[in-house]
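Enquirer: Each chain, written out:
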Amino acid sequence: MLALGIETSCDDSCVAVVDGEKKVLASVVSSQVDFHRQFGGVVPEVAARKHLEFLLPVLDKALCKARVDVRDIDLVAVTRGPGLLGSLLMGMCLAKVIAITCGKPLVGVNHLEGHLFAVLLDYPEVVPPFLCLLVSGGHTELVAVEDWGVYRLLGRTRDDAAGEAYDKVAKVLGLGYPGGVIIDRLSRKGDPARFFFRGGLEYEDTLDFSFSGLKTAVIRTFSGFSEKQREDPQVLADLVASFQESVVRILIKKTIRAMESTGYRQVVVGGGVAANSYLRQKMQEEAEKRGFRVYFPSLSFCTDNGAMIAVCGLYHFLCGQRDSLSIEPEPQLSL
Amino acid sequence: MEIVLQRSHSEVETRKIGEKLVCSLTLPALVLLQGELGAGKTVFVKGMAQGLGIDPEEVRSPTFALIHEYLQGRVPLYHMDFYRLERWEEVVHLGFEEYLDKEGVVVVEWGDKFLSFLTPPFWVVEIEVIAPEERNITVKRWIQ
Chain A
257 MLALGIETSC DDSCVAVVDG EKKVLASVVS SQVDFHRQFG GVVPEVAARK HLEFLLPVLD
317 KALCKARVDV RDIDLVAVTR GPGLLGSLLM GMCLAKVIAI TCGKPLVGVN HLEGHLFAVL
377 LDYPEVVPPF LCLLVSGGHT ELVAVEDWGV YRLLGRTRDD AAGEAYDKVA KVLGLGYPGG
437 VIIDRLSRKG DPARFFFRGG LEYEDTLDFS FSGLKTAVIR TFSGFSEKQR EDPQVLADLV
497 ASFQESVVRI LIKKTIRAME STGYRQVVVG GGVAANSYLR QKMQEEAEKR GFRVYFPSLS
557 FCTDNGAMIA VCGLYHFLCG QRDSLSIEPE PQLSL
Chain B
162 MEIVLQRSHS EVETRKIGEK LVCSLTLPAL VLLQGELGAG KTVFVKGMAQ GLGIDPEEVR
222 SPTFALIHEY LQGRVPLYHM DFYRLERWEE VVHLGFEEYL DKEGVVVVEW GDKFLSFLTP
282 PFWVVEIEVI APEERNITVK RWIQ
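Chains as they are written, first to last, in my numbering: chain A, 257 to 591; chain B, 162 to 305.
For the record, the hints were derived by calculation from the structure and aren't laboratory data.
Don't be surprised by glycine CBs; every beta carbon is placed ideally from N, CA and C.
Do not take every clue at face value.
The following label-pair restraints were derived from C-beta to C-beta distances [stated by the list, open to error]:
| hint | chain 1 | residue 1 | chain 2 | residue 2 | range |
| --- | --- | --- | --- | --- | --- |
| 1 | B | Ala292 | A | Gln490 | 22 to 30 Å |
| 2 | B | Leu276 | A | Glu460 | 37 to 45 Å |
| 3 | B | Glu289 | A | Glu460 | 22 to 30 Å |
| 4 | A | Arg521 | B | Glu295 | 41 to 49 Å |
| 5 | A | Gly576 | B | Ala292 | 55 to 63 Å |
| 6 | B | Glu163 | A | Ser287 | 43 to 51 Å |
| 7 | B | Val173 | A | Cys320 | 55 to 63 Å |
| 8 | B | Val165 | A | Glu541 | 49 to 57 Å |
Excised from the complex, chain A in its bound form (with noise of 0.2 Å):
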């Protein structure tokens, strides 16, 4: 059983070729990044064009590093939404059109649905119940995984997603993009403790999230600074450093607060943020302490990937799924 994963949600063109064992055969991303970055961020119909110009060349480098042909596929697994219009429209005519051409069955998969799936490509064994944490640039949620396609939403966030407030306050420091990827890296040479910034809905008796106001904070401590401040790399470095610490700390009290109303014993983190090196530290050692199992995909399944698309799309054919050649994007799709 081979399953063609195609995910054009946002940025990047993702496709990746998965087994019947969930074991990745290729999974190739166009990284557009560079495009990007002198945009300082996501520039939508940008990354539209992009696409169109990635795509195939991405399809024939995934399965030619797969060896296989498209003909060979079983199913051909594209992600529906959520996500930008224009861009999910890419993926999923490529995928019709492969559809059609080869005469494959169609499974149409959530975006998020394919986060949840992506820990299964390094370890297969899991099995729900477990609580997810979902944390990337346009979402930051908790969900409970009572069963695979059994989804609880414990808590969100109610305005800013994590990875937002990185691009953000990235952008007002003159950082740089991708904000995620340059604070994390800077926050190594900073001191944490030297700013402290109180996190929104933090004390609160809620599993919801808050990031606006920690953007604000650490914006408006830079603002504060003097323009001798502004040039030293050690003050920046400091201020990266307080506000990651800031957003991990949240994460993580929320998360363990989830896990604990709900008493599983394994949580999974997904999504692009989960790719930060100090959530996956900072967690891994509160999973000790506390006794549960934390799963965190290779850092290459935790930004957006054909593979996890391919794999959730599997799972779905097997349990039935089959698409008709009318199915649309669904740019707001949830889980």
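Since chain A is already given, all that's left is putting chain B on it; use the hints.
Expert: Here is chain B on its own, set in the frame of chain A:
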């Protein structure tokens, strides 16, 4: 052009001003929000949602998704964000103009970015940071 200047001393007051504005609108309405990062644009939209009978906690930053639709209230609220958009063509590409024809309220964060492409009537709300908790909120009504 009519101009009303108000002072907000808290997020709660900012929400109240948003709520009051939305109740004075005739449909369809376009509201453009202007203000730096952290000024409280999303907070203002939460207030507008409240005024339309939509749960304000449902309102989140649309920076990533570009458009959030809230259809559970008395009147549909379409919440957009031009933060990541660089060119007017991208706004058109989003289907922005189709939203303006709907019997609802369209509110756009960073909406002043493409002001020259828009035809009145619309409202421009400028949120200016005065102090950590204080904002000057200027509501301007642009008429044809």
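Enquirer: The structure should be examined with respect to each hint, and the outcome stated for every one.
Expert: Going through the hints against the structure:
no., hint, verdict
1, B:Ala292 to A:Gln490: 22 to 30 Å, "holds, 28 Å"
2, B:Leu276 to A:Glu460: 37 to 45 Å, "holds, 38 Å"
3, B:Glu289 to A:Glu460: 22 to 30 Å, "holds, 29 Å"
4, A:Arg521 to B:Glu295: 41 to 49 Å, "holds, 47 Å"
5, A:Gly576 to B:Ala292: 55 to 63 Å, "holds, 60 Å"
6, B:Glu163 to A:Ser287: 43 to 51 Å, "holds, 49 Å"
7, B:Val173 to A:Cys320: 55 to 63 Å, "holds, 59 Å"
8, B:Val165 to A:Glu541: 49 to 57 Å, "holds, 53 Å"
Figure legend: structure checked against the earlier numbered hints; every hint is met.
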